[in-house]
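**Student:** Below, each chain spelled out in residue letters.
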Amino acid sequence: MLIEILLALCLLGALVVFVLPDDYAPVGALVASLFPLVTSFLMWFGFDGSGNAFLEGGTLAYETMAQWISVGPYAINWHVGVDGISMPLVVMTTVLTTLAILTAWTPIDERRSQFYGLVLFLETGLLGVFVALDFFAWLVFWEIVLIPMYMLIGVWGGPRRKYAAIKFFVYTNVATLVMFLGFAALVFGLGDAVTSLDMPAIAQALRAGELGSLGGVGPDTLKLIAFVAMFAGFAVKVPIVPVHTWLPDAHVEAPTPASVLLAGVLLKMGTYALLRFNFTMLPDTASQLAPYIAILAVVSVIYGAMLALAQQDLKRIVAYSSISSMGFVILGLVAYTEFGLGGATFQMLSHGLISGLLFACVGVIYNTTHSRMVGDMAGLADRMPVTTAMFVAGCFAYMGLPFMAGFMGEYFIFQGSFAADFAGSMVFTAIAMFGIVIVAGYLLYAMQRTLFGEFRLDTDYTIGRAAFHDVVPLAVLVICIIGLGTAPDVFFGMIQDAVGPLLGGGA
Amino acid sequence: MAPLTALAPTLLLALTALALFVIDSIAPHSKNRTLFSGTATVGSLAALVAAGALLVTGTGTNGGVQFYGGQLVVDGMSLFFTIIFTSVATLVTVASYDYLAGETEQADYYTLVMLAATGMTLLASAGSLAVAFVSLELVSLPTYALVAFLKDNRGSVEAGLKYFLIGALSSAIFAYGISLVYAATGSLLFSDVAEAAAETDLTGVLGIGVLMVLGGFAFKTASVPFHFWAPEAYEGAPAPVSAFLSSASKAAGFVVAFRVFTVAFGLDITSSVDWVLAFQILAVVTMTLGNFAAATQDNVKRMLAYSSIGQAGYVLIGLAALGGGNNPSVLGMSMVHLFVYGFMNTGAFLFVALVEHWGSVGRTFEDYNGLGREAPIACVAMTVFMFSLAGIPLGGGFLSKYLLFYEAVGAGFWWLAAVGVVNSVLSLYYYSRVVKAMWLNDPSSDLSLGSYPIGLYTAVVAAGLVTVLLIPAFGLVTDPAIDAAAALFS
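If you read the sequences in order, they're chains A and B. For the first sequence, the UniProt record's numbering begins at 1 and goes up steadily by one. For the second sequence, the UniProt record's numbering begins at 1 and goes up steadily by one.
Hints may be right or wrong, so weigh each one.
What the hints assert, rightly or not - 20 Å max Cα-Cα, derived DMTMM-like pairs, lysine to aspartate or glutamate:
1. B:Lys-31 with B:Asp-108
2. A:Lys-162 with B:Asp-442
3. A:Lys-162 with A:Glu-110
4. B:Lys-162 with B:Asp-152
5. B:Lys-151 with B:Glu-356
6. A:Lys-162 with B:Glu-366
7. A:Lys-162 with B:Asp-367
8. B:Lys-151 with B:Asp-201
Claimed, not checked - A partial selection of chain A residues facing chain B, derived with a Cβ cut-off under 8 Å:
9. Ile-147
10. Ala-165
11. Leu-177
No lab work stands behind these hints, which were simulated from the structure alone. Ideal Cβ positions, reconstructed from N, Cα and C, are used throughout, including at glycine.
Kindly produce the complete structure, drawing on both the sequences and the hints.
**Tutor:** Below, the structure written as structure tokens:
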């Protein structure tokens, strides 16, 4: 029931904020976002789930299963629940939404109530993706996420906002269709083995080898086709090179709070779905294709970092760096070891917090200097010491400094990836680890040019210290990042419990 | 003779029409729009409640209630569609309150709407080809007048004339088709036609008759190749009438087609008269042509008109995918899609009516620029309609469309579903143009919208709410629809 309350509170908040007068919208939205935040914390503290609920032996927390639509051979149920993989993501989503609302106070000065209403509506969709266990409900939430993000970019974005919004919408929507075809092939291939679109039921049937042939295509080929189709669909969302081109456009044009949520949560939808669908349902095919996926992951890591190195726009630098960080997540998934999968999930969290922090920092810098170009500014540390400190902290976390979340995520992934048993896993890991050097390179280079040295600014704006409400989200994020880095077990324990059954072991 | 309570929705609508006549004869040319709109709304709401109550209490089960030796049948399907007609009629009468401000022939307008709605409920209950023909005319004649209602507007009159000419022609085709069916089978009653059709030697005559009857339905449902009137009529007609025509009238065409082709002609005769193939061709051509034509329009009303042709193509899948097993499920999903479509399409046209009411805004996509700032709530509703029509889960249209395609695949017609999916993707392009104009584009000139018409707003928001609420409440619609469809095949 707690999950339904969580979703209802978000949706209700969105509706209320949407009709509020503009002047009250920021505070109203902050208050409205606290309800789901508190609910998610209640869920977290009362959480008792061990094992990936997709498979036998796993248990779910706060599970609800009710009949929804009965039509034809496949029942559609309202089935929600959280396990150790989705619980941390739910908490991260509510935290980031509240902080994103705070970051919007300064830059968003028109049509505020609509803006905040859409942010809360976006939160509903995002949470729904992480809690839905029936494919249909999941798809509804998955698609709903597109609409507010499209609006947020298209209405409140930068100069090329319409282009970026439409590109984002078209890319991700077509990707969904491709994924949908892959999943539909599996469901039809299972034939009478499943009677619903329940994702756990389908995962179990697939793992039990009940897939038949469909239209003359044998089970093995069918698995391969479905895996590739689903992978291609989710890869766009992650995004993995070469289907990443929508991301920099969307990020650069999006307003700061939308960037925070886009990088922080939206990209996780892709990797979360890959874990839930591709790697949980079709592990054999995953290990069969492992070297190829690992190549894609490594290319994403290195190529994304190289692109970031070449950028002059601070926001673009952070945007491209997401591509390499998400590449690490893919590497962890494909390793398919306890540390690999657990590390991938942990990295989703840590990347969510760190990239959220960096985008928020860039937002604060842009609000004060009205420029994001690295060449326009220097020595900001003199004038904006707090923001600078936060930015430096975020960069260090990104580089993987110990005692910060990024370090733990990458450490887990590399440990898992070294132990993976597909051909060449060590080589791939070694190359990917080199990515960290490039990451450190471009972040240090960017910091050195913008933050340090003699103060200089090529715009007409005078800069003062950032407002209190601008710095609060940064501080909270830094605390979360350090907290997660020093005590990873607040989440890593439950993640490991959930990952165990996937690897064949007990809960 | 069964109790007349089963006909309560039809009788209530007819009585409302008569009441409006009486009021009009007492106070001719009255401009008291609260009275007229109120009477019509109360009448159609009462009919809606009656139909809902009958459906819930199980009047439609076990073959339903038969009148006049089976000439009229009140069963699950007729009640299900009566709910669609009366819902649309209610929305239209509420919205017309503002749209007709200042018109002198208000009573006539609402009377015609009520009479057309009466005809639709009769059409849904038709048990013989004769009743089907008469009630089809009862739907058509008032709507000809309604399309041409704006007498001082050349577009409206021209649209009415075109609609009337093509309507008269297709009525003639339909009537001739009925006569040929009668010649081959010796009966007009659906059940008798079904028996005789399986044994007749005159398969050629029967075949031509079936095809001509199909032509009559294609006109009413605005399916290719009898769709030419639709964009003209929808564009020229008053926008609430366009909503009524493209939602309720289209559903009426479909309900009688469903009944005639499953009960009267049935799947038994498809070995000699392959009408399923005809529907397959019709479905593919209708959705493709409608969607491609909609994508090239600059006028929002015309875009909606062509898109409603495309939507008719999806519904036709219900008949085109028969014969592959799963028949009741596919047909049931077509009915469900019509149900959801009734709300989202009516809402979309009523939003156009709202925009026309503001007057300062024209009809092209550019004229919708920046509306989201001025009228956020109505624009949210319109966004829901557009995305729902396109098949994005902001409204029930997503569920109905995907379930329809799922069932088509389940019945073995994956290629029909594939054509439908491709068309859906294409439709996203032109539906999202409206959304983009409303929210993303800046207003091209200074917008000042003036008053907020209460009736139109209420209707648009209500349609939007129902469209959204249909997502969680979807099971409430699918169950009766599938039961009703299953009853046709028993």
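**Student:** Between Lys-162 of chain A and Glu-366 of chain B, is the straight-line Cα distance small enough, at 20 Å or below?
**Tutor:** Holds, because 15 Å separates the two Cα atoms, which is no more than 20 Å.
**Student:** Holds or violated: Lys-162 of chain A with Glu-110 of chain A, Cα cutoff 20 Å?
**Tutor:** Between Lys-162 of chain A and Glu-110 of chain A the Cα gap is close to 17 Å, so the pair holds against 20 Å.
**Student:** Hint Ala-165 of chain A vs chain B: min CB-CB distance below 8 Å?
**Tutor:** Where the cut-off is 8 Å and the nearest Cβ of chain B is about 7 Å from Ala-165 of chain A, the hint holds.
**Student:** Taking 20 Å as the top limit, are the C-alpha atoms of Lys-162 of chain A and Asp-442 of chain B close enough?
**Tutor:** 11 Å, holds
**Student:** Keeping to a limit of 20 Å between CA atoms, is the pair of Lys-151 of chain B and Asp-201 of chain B held or broken?
**Tutor:** 51 Å, violated
**Student:** Would you check whether Leu-177 of chain A satisfies its interface hint, that is, whether its CB is within less than 8 Å of any CB in chain B?
**Tutor:** 7 Å, holds
**Student:** Against the 20 Å threshold, does the CA-CA distance of Lys-162 of chain B and Asp-152 of chain B hold or violate the hint?
**Tutor:** Satisfied, since the Cα-Cα distance of roughly 17 Å is no more than 20 Å.
**Student:** Within 20 Å, alpha carbon to alpha carbon, are Lys-151 of chain B and Glu-356 of chain B?
**Tutor:** 17 Å, holds
**Student:** Between Lys-31 of chain B and Asp-108 of chain B, is the straight-line Cα distance small enough, at 20 Å or below?
**Tutor:** Within the cut-off at roughly 12 Å; holds.
**Student:** Mind checking the CB of Ile-147 of chain A against every CB in chain B and telling me if the closest is under 8 Å?
**Tutor:** Nearest chain B Cβ about 6 Å off; hint holds.
**Student:** What's the verdict on Lys-162 of chain A and Asp-367 of chain B, does the C-alpha distance respect the 20 Å limit or exceed it?
**Tutor:** 18 Å, holds
Violated hints amount to a single one, hint 8; each of the other numbered hints is respected by the structure.
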